[in-house]
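Engineer: Sequence:
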Amino acid sequence: MDVNRISFDQLKAYWVEVDHFGVAGKKFRNVVRTLGDYRSTLANPARFSYGLFDSGELIGVTHLVQWDEDWLRYRTLNIRQAYRSRNLGWYLLRTAVAQDWKDRVPAPTYIFGWVRREHQAWSITHGFTPADGRWVDGHIAMIKPLAEF
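Just so you know, we're using my numbering here: the sequence shown kicks off at -17 and counts up by one.
Treat the hints as calculated values from the structure; they're not laboratory data. It cannot be assumed that every hint is accurate.
Restricting the straight-line Cα-Cα distance to at most 27 Å, the calculated cross-link-like pairs of lysine-lysine (BS3-like) are [as the list claims (entries may be wrong)]:
hint, residue 1, residue 2
1, LYS9, LYS(-6)
2, LYS84, LYS(-6)
3, LYS(-6), LYS8
4, LYS126, LYS84
Predicted, not measured: the structure shown is a model, and the values here were computed from it.
Whenever a hint applies, use it, and build me the whole structure from the sequences.
Structural biologist: As structure tokens, this is what we get:
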């Protein structure tokens, strides 16, 4: 398994192919600036898309965006159905963070996910904790210190 940067267009094509958001005709933006009460404070944040490849086949994606000076947001973490239950999402996220974010100066303090209710257990299993405990439209902010990656 290899983790490599991919283009945002490749990321969008994957999201459409696997129907990640479940919304036909959804428009995708490179940066989402508002999630519930959280607001991205950076005008042009650093951001990279990553793909997980198995023998050259794209089997998973994530998108990491500098949310503010302290938080790095992981935006979606999707592994193809046939490859799930192997902890590959965690492998993808850890590897992507290590590639471009752990040694960044200044490095973010936390990884931040805007997590759907049905994925909160996964987040907790991997050491994330609620940022403030508030649910908004079925999502909650979960954070984990970057130093723990």
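Engineer: Output the indices of the hints that this structure fails to meet, ascending.
Structural biologist: none
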